[in-house]
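Asks: Each chain, letter by letter, is given below.
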Amino acid sequence: MMVAETPAIWTRALEKRYQDVVAVRSLDLEVRQGEVFGLLGPNGAGKTTTILMLLGLTEPTAGEAHVIGLDPARHPLAVKRHVGYLPDNVGFYGSMTGRQNLRYTARLNGLEKAAAESRITDLLTRVGLLDPADSAVETYSRGMRQRLGLADALVKEPSVLILDEPTTSIDPTGVAETLALVRELAHDHGVAVLLSSHLLHQVQQVCDRIAIFVSGEVVAMGTLQDLADQQSAGANVIIEVGADGLPEQVDQTLRAVAGVSGVEADERDPRIRVVTGAPGIREQVARALIDAGQIPWHLRSRGMELGEIYQRYFSGTMVPPSRRARTQPVDEPREKPATGPPASTLTGTRPPPARRPIHKGRIASGTNKESDPRD
Amino acid sequence: MTEGARATDGIPESRRKERVPGIPAGWTVIAAKDFADHILSIRFTILLLLLGVIGAYMVYAISGTIRDAAQVASGSPQLFLFLFAGAAEPTEGFAVTFVGFVALLGPLLGIAFGFDAVSAERAEGTLPRLVAQPIHRDDVINGKFVAALSVIVLIFAAVMLFIAGVGLFRLGVTPTGDEALRLATWFLVAVVYVGFWLALAMLASVLFRRAATAALVMISAWIVLVLFWRLIGPVIAGLVAPQRETDTIAQQVGALTTQQNVLRISPSQMFSELSGVLLDPSQTSLGVVLPDERAIPSLLPFVQSLLVGWPLLIALIALTGACFALTYISFMRQEVRA
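Heads up: the protein sequence lines correspond to chains F and W, in order. Going by this note's numbering, the first residue of the first sequence is number 1, and it counts up by one from there. Going by this note's numbering, the first residue of the second sequence is number 376, and it counts up by one from there.
Be aware that one or more of the hints could be misleading.
Only pairs whose alpha carbons sit at most 20 Å apart, straight line, appear in this in silico DMTMM-like list of lysine to aspartate or glutamate [stated by the list, open to error]:
1. K408/W <-> D20/F
2. K408/W <-> E499/W
3. K408/W <-> D553/W
4. K408/W <-> E112/F
5. K408/W <-> E35/F
6. K113/F <-> D134/F
7. K408/W <-> E138/F
Hints were generated in silico from the structure; no laboratory data involved. Nothing here was measured: the structure is a model prediction, and the numbers come from that model.
Could you put together the complete structure from these sequences and hints?
Replies: Next comes the structure, spelled out in structure tokens:
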């Protein structure tokens, strides 16, 4: 099932236009086996359209898509045989039981009867629906339906799993269980998971990589770290460092690192040093500490919460790349020293809430780059 | 996403042929499931009861008149057909026949099993899940059509066998080979006729998101095409091709033929005419027959009757096919999302 080299899903310049409305614009996506990939974006951003194209249920206007190495527009059956799909607002036949609904899916997928039966029971147990399995679905709550939907998507033993808003109506414990199951499927069974959601903290919990989708365009893609770095490109980053050795010595080491512009003690825990500096210094800081024999026991970037990143993208002023005039692309190399033009992608963004401490007499938001002392 | 978003979603030809080994043809699975659903549904029970009651009434009513008919048509081979085509009470007005009932109520059968075929899947939110399984999109339409038509065949066959059975055992009328052949053919014609209404109802279920709208539209179509057409039809026909005193015979025949064709806009008219030809061997023509053209009264063999009805039969099949094709196309072009 696992093919190491070929990504489970990849798209190149994928585009979907409805008359003059662009639903998805020039999408380059890559989801590897064993990875949970999050499509994060507000409603109507084109997430579902993208998913439908990947399933061969909608024709792309331009560009190409490959799922398990096949073009879904040409081989929809082979693709759909191996792709489990949990639609947004999943529905079931109300007069049939949960088990019967899954049985129908198994039959449509040509599963062998006995094997299907035991798999269905397994899955119903996994999603916690074994007890109500034999009562009609019309008696189920919305959360139960969504769990059943996950089981339904897994009946065919997919190698790719596409989940459209999988947790919107599940209660918190259910969400945790669902996300744990998703993570297990990806990491232990090598299933490639594409998860679309507008609930960022869930995406944050479970996704290895994330693409932020705004009005049909990916405005940012990468790991949580990448996104944070992209966001603060040009601006200072703040790192909490705790390392072996005397604080003064640690401070000395830290100050010596190229790009570090300030070191202070944390207000609450003086052992923690708060380092301000150019993007990408985290790596150098870690190296310098280890080289100096001051092994870090705490190293954490501040302001990397996805909520903050997300908030910036959706604060209303964020313009997708293609609609920007001539400005710096989002995916600019993050190692670039902070001497370039201001991170204009962020101009006008309201200062991110909380987290970013007031530092050296100015707000360390990503916007006020001009005052970077290193310029 | 948007309403207008549907139009561009065609399915390329290349898709059509794909088969993945180990997966059964999707329409068979869908048809099997829908068939089971129909059989267990309340509407099936109601419609079966309704047609059963009508069938029972027909047998009861016919048994009164069939003796007279038998005396008149003693030794005639059409006595068994009389069970279905014969008027129960040959009053001056509306002749009550089983065939007439089928022409009248058959459409309701098609509508009942078709009006929510696709919209129910949409309403329950099962359509996206269904088409995400390894099936072609047309499997949905095909499977549903086959399932509904099978149920209709089942109901028809049950009621017809009931009438035939009572005819055989209680009244002692036995069919000849010719009669059995005519009856079987008529049965198929009836299935095509109801199939037309089924296809039309399914079209409505594709076009209208709400089952209630589709049902209302279909009931209106039924009232206009089946009930009112008998009243409106002749009026329109008279306007389209008026007959004047001064016309020559040829002109009058032409006008009558046009009028007849206007009436045939209603499929139920076509079905009634076809039934007449198939179940009454003495009917030798569908068109206008002038008094001096009338042939010596004789009974046509089955094949000749079939030939007489052939154009109408083809028209009815074509109509059903066209309706199904329209359903098919509009479904294929629709967006999956609700």
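Asks: Could you work out which of the previously given hints the structure breaks and list their numbers from low to high?
Replies: Per hint list: 1, 3, 5 violated.
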